[in-house]
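Peer 1: Sequence:
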Amino acid sequence: MGFADQRFTVNLSILFTELPLLERPAAAAAAGFSAVELWWPWVDSPTPERSRLDALKRAIEDASVRLTGLNFYAGQLPGPDRGALSVPGEESERFRANVEVTADFARSLGCTALNALYGNRVDGVDPAEQDALALENLVIAARAADRIGAVLLIEALNRPESPLYPLVSAPAAVGIVDGVNEATGLGNARFLMDLYHLSMNGEDLPSVIERYTAKTGHVQIADNPGRGAPGTGSLPLEDLLGRLRKAGYEGRVGLEYKPGDRPSAEAFAWLPREAR
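Counting in the numbering used here, the sequence shown runs from 2 upward without gaps.
Wrong hints could be hidden among the right ones.
[Stated by the list, open to error] Simulated DEER-style distance windows between Cβ atoms:
| # | residue 1 | residue 2 | range |
| --- | --- | --- | --- |
| 1 | 227 | 52 | 37 to 45 Å |
| 2 | 215 | 43 | 28 to 36 Å |
| 3 | 132 | 59 | 35 to 43 Å |
Source of the hints: derived by calculation from the structure; they are not laboratory data.
In this text the structure is predicted, and so the values were computed from the model without any measurement.
We put the CB at the ideal spot given by N, CA and C, even for glycine.
Given the sequences, and given the hints that come with them, work out the whole structure.
Peer 2: Printed below as a string of structure tokens:
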């Protein structure tokens, strides 16, 4: 199995960012892709005006691409924040206000995967208090996702780039997945297996694939080092994706890499157009 055997989706929050948000879906379509995913696009607001939501919905529909994944509000991304749902006070309240907005927007476009970043540790706050708050909010998110027929994704990041984020290994993230499913009884919480982040943590990627593919709801890739396109680093991404397919993963693979010092449209030479 190789890249041609995969189905890819382009993350428009890290690729095509040289363009205004509303121009990115069409740019992805022009590059040959039929599916896109997004971090929460409005870092300044968990509850944007309806006109902003409607404009993005039209841009996606007019480009004839499918929105396959969407993050809940997570603060300033890119930037120092790594989630809001476990941060007591205003940020947690903003996350809760965003849950139904995100779910309704996702439903309007047939999106069936919602990603909830766990949230950074906060100085002076007991980690156990943050974990209890996180579970409470993840239960709310899982129920909202279930209402629209979606899965709730929980992701491990990497310690070098996100030193305050507590989920920096596959077992840590999968433990939260199991905890949410136990709390809700819905079974719709799933692991987001980002091979770049896991490699940055020094994990044995073939072992992670073997152990956790059955609990994986989405996969994202970037090469390492550099978080660039496949082939710019040393990760055997084609082999790893082949292992995932053999292990039973049938979902899409999100392209969440940096284009480098070139337009995003030129960052896909590694993938034949007919395979996009």
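Peer 1: Which of the listed hints are not met by the structure?
Peer 2: No hint contradicted; all consistent.
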